[in-house]
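> What follows is the residue order along each chain.
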Amino acid sequence: MAKRSFLIPGVDKRLLIKDAIKTMPDFPRRRFIAGGPSLGALTLLTGCDVVDSSSADTLLAQVSKFNDAVQAFIFNPDALAPTFPESAITKPFPFNAYYDLDDAPDVDGKDWKLEVRGLVDNKKSWTLDELYKLPQVTQITRHICVEGWSAIGSWTGTPLRDFLKLIGADTRAKYVWFQCADKDGYNSPLDMRSALHPQTQMTFKYANDILPRAYGFPMKIRVPTKLGFKNPKYVVSMEVTNDYKGGYWEDQGYNSFSGS
Amino acid sequence: MASLTVTDEQVRATPAKLIQPAWVRVMHWINALAMILMILSGWQIYNASPLFGFSFPREYTLGGWLGGGLLWHFAAMWLLMINGLAYLVTGFATGRFRRKLLPITPSGVLHDVRAALTFKLGHDDLTVYNYVQRLLYAGIIVIGVLIVLTGLGMWKPVQLYYLVALFGDYPTARYIHFFCMAAICAFLVIHVLLALLVPKSLRAMIIGR
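As they're listed, the protein sequences go chains A and B. With this note's numbering, letter number 32 in the first sequence gets 32, and the count goes up by one each step, no holes. Counting from 1 along the second sequence, just add 1000 to a position and that's the residue number in this note's numbering.
What you were told as hints is all true, and nothing was included just to trick you.
Not everything, but these chain A residues come out facing chain B in the computed CB check (under 10 Å):
(1) Ala56
(2) Leu59
(3) Gln62
(4) Ser64
(5) Phe66
(6) Asn76
(7) Ala81
(8) Ile144
(9) Cys145
(10) Glu147
(11) Ser150
(12) Gln252
(13) Gly253
(14) Asn255
(15) Ser260
Pairwise CB distance ranges, derived in the manner of DEER restraints:
(16) B:Pro1057 - A:Glu86: 36 to 44 Å
(17) A:Asp209 - B:Leu1188: 48 to 56 Å
(18) A:Gly246 - B:Thr1105: 54 to 62 Å
(19) A:Lys174 - B:Arg1025: 43 to 51 Å
(20) B:Leu1166 - A:Lys65: 25 to 33 Å
In the EDC-like style, the derived pairs of lysine to aspartate or glutamate whose C-alpha atoms are separated by at most 20 Å in a straight line are:
(21) A:Lys91 - B:Asp1169
(22) B:Lys1156 - A:Glu147
(23) A:Lys245 - A:Asp170
(24) A:Lys133 - A:Asp111
(25) B:Lys1156 - A:Asp78
(26) B:Lys1200 - B:Asp1124
(27) B:Lys1156 - A:Asp68
What the hints contain is simulated information worked out from the structure, not anything from laboratory work. Beta carbons: idealized from backbone N, C-alpha and C, even for Gly.
Use the sequences and the hints to build the structure in full.
Pasting the structure below:
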């Protein structure tokens, strides 16, 4: 697997790297807590240095897995994300990524093909023209970022569940795993029930125009029941699978379900 | 200040009366730990996308970066919620809330605020809360319920859409969540300060007497 970038929005890169080097090579996986402060107050209170112990890491990872299970349990496939009138749309809808817009993938729509892999009957690749011919719907929903901000946008495309049916996907499989054209190979697993949610969409248009590069041209997966980081942009392939293959942000410590 | 200090004779003369039952003490300290974890990890999350023109100092945040802060926040929330729920249920079931926190009358509060500001508020009998204490303790319970409900709403704005609707919308819930945190921090400062001024109250919260 390719080495991943250390660019994390809102984090002082120098400090993060400094702290990360301190813990390497013994604990390369600890980068999500490596930058932790000493927290004298907390240490005094509990009598142990909870922040600087790898047992805290293990415990947090276990609780996060438990939280995945709780979220899957309370997930209601019929609960719809709120929709809004056009007047509520956030203008401009923010560009958001762990890189600048200049570094965003610049995909040539003519050469691009969506690869379909894994537990599906028909593994043929799809050109953009073929995808554009599928029935499309428009929905105005709120995108909620893991950072806490949110923005309302208008998204047009094909419900993912219709496409999964069309290609004969095994919808009893656990995940649909997306890979993207980002230079670091952004990827993310989407649990099958969220993939089959009626509002989960293969998005080709934003505000009735062809999806701009900033929002993921040529195809974004818009999942109104997930946090923003689980809405892949610049998608190049989808794989129906029972294996948990991790993801760009999931591997760095973001909760994998991250459902809303 | 005279009325705030207690001589050793007075302490010895006081019959060893149970002031804080064991369940209150245990839940109080679990809550203290949970609150501090929630506040420090919450500041980390806030810093990722500040609501106002300031960020919290890095040294007072938990988790190292947003992902770590979220892991702490969503782990400590179980401690806070389960302990808080047990506290509410026991508080109502045993009649402690009614006995200790009621009634809260405006005149009583005004009287005790005046007494407190002129350092004439007595703490001789720790088993009876004065009106300022009643108002603060009842208020912080309400704030605690509010911060958990707004938090749950923000955690699951689709599944728990009715919670978000109760507070208006997602961004409004986020502001209320923040102001509840600020209120808890203000309470914490006053609470700790008063506990230091009346050390026997701290003792009662540790050993019960």
